[in-house]
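Listed in order, the protein sequences are those of chains A and B. When we follow the numbering used here, the leftmost residue of the first sequence carries the number 1, and every step to the right adds one. When we follow the numbering used here, the leftmost residue of the second sequence carries the number 1, and every step to the right adds one.
Source of the hints: derived by calculation from the structure; they are not laboratory data. There is no bait here: all hints are sound.
Partner residues aside, some chain A positions facing chain B, computed with beta carbon under 10 Å:
(1) Gly9
(2) Glu10
(3) Phe23
(4) Val25
(5) Gly26
(6) Cys28
(7) His45
(8) Met47
(9) Glu51
(10) Met56
(11) Gln57
(12) Arg64
(13) Gln96
(14) Asn112
(15) Arg138
(16) Asn139
Here are the in silico distance ranges between beta carbons for each label pair:
(17) Leu80(A) with His200(B): 51 to 61 Å
(18) Thr38(A) with Leu173(B): 53 to 63 Å
(19) Asn150(A) with His200(B): 49 to 59 Å
(20) Pro71(A) with Leu61(B): 28 to 38 Å
Bear in mind that the values here come from a model prediction, so they are computed numbers and not experimental data. Where is the CB? At the ideal position from N, CA and C, for every residue including glycine.
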Amino acid sequence: MQTLVVKMGEVQASREDATLETFGVGSCVAIVLYDPQTKIGGMAHVMLTQERASDMQKTAHPLRFVEQAIPFLIKAVERLGAERSRLVAHVVGGAQMFQSYRDPSNAIGPKNTETTLQILREAGIPVRTKETGGTKGRNVHFDLATGTVNVNSKA
Amino acid sequence: MSQRLPPFTADILREVMNIGGAHATTALAKLSHQRIDIGVPSVELLKIEEVPDYVGGTGDLRSMILHEVSGDVLGVILLSFSEEDAHLFTENIRMEHHLAQDGVLPMLQELGNIVSGSCFGAIAKFLDLHFNHSLPSAATDISGAILGSLLAEIGQRADDALITELSFRADTLKIDGRMFLLFDPDSTQSILSAAQKKIHTS
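Based on the provided sequences and hints, a complete structural model is requested.
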């Protein structure tokens with residue numbers, strides 16, 4: 001079985017008989033989309049919302065941002081043959097690992113989760129499981145053959 | 001991987017890391033009564049997304065201490081140990097100084113205070129710059145999660161991060177640690193200008 005590692009700021013999509021993994025999801029959010037009928041799915045590992053991003057950043061690093069990575073992920077699974085109306089989502093991450101000294105009000109993790117859920121809601125994609133918040137990092141394993149998402153928090 | 005630092009710039013930054021790292025590890029040596037050997041510092045200007053691969057082991061459990069620095073530069077100092085080494089090191093310090101039993105994380109925070117103070121104190125003095133320190137945070141968690149959260153902070157302001165790394169080893173206890181200084185790219189210019197001023201006046 002093929003194992004694909006999704007790095008921070010990346011999106012990957014695949015068909016049956018592959019595992020998608022991402023490591024070290026802290027304030028970032030891992031978004032999994034899955035079509036159970038075709039067993040096509042994908043994963044995004046996003047870092048930030050666009051709230052404070054410059055236009056240049058949005059152009060240079062689109063997959064860094066929730067608002068751009070989710071539509072990209074939807075298109076990626078659709079291109080492989082997934083049906084939009086059958087897609088379900090799993091959302092992992094958005095922890096607050098530490099409080100910023102320079103800007104304590106800047107809670108990146110919760111903002112990432114909130115925006116992710118809002119975009120999925122607007123896209124009409126139901127969220128099947130949500131493991132978000134807290135103060136711990138997570139590793140995520142997604143088995144496309146079964147649609148199972150395993151989240152482990154080592155700490 | 002990005003390698004956009006001109007050699008002369010990298011040399012200056014490596015020297016700055018040498019100064020900070022030497023003071024930090026001297027503080028560690030005094031505290032632990034151990035000889036600490038340090039490696040050759042490395043300096044890279046990387047895209048934010050490239051940093052986790054550069055550091056490696058993103059899914060592994062590590063004990064990390066971090067201190068944010070603001071003032072003339074924006075940056076973070078990060079000390080990273082395996083969980084076992086963090087335990088061994090703090091236990092050694094506790095016994096050497098006859099300290100009461102405390103958790104590993106409060107001890108690591110204290111360690112972070114001393115190391116970061118020595119490191120940035122030396123750099124600030126050398127470059128005539130002013131730094132403010134945060135309180136230290138310590139956590140044993142998935143390395144990539146801690147790093148990713150730090151990078152997200154930097155990623156809000158910048159495309160790249162300047163990362164300098166220094167590895168160190170307490171030989172008798174066989175403890176390996178890694179020290180990283182992460183700066184916003186704009187801060188690189190402040191450091192370089194200060195270093196060049198220093199070179200011209202000395």
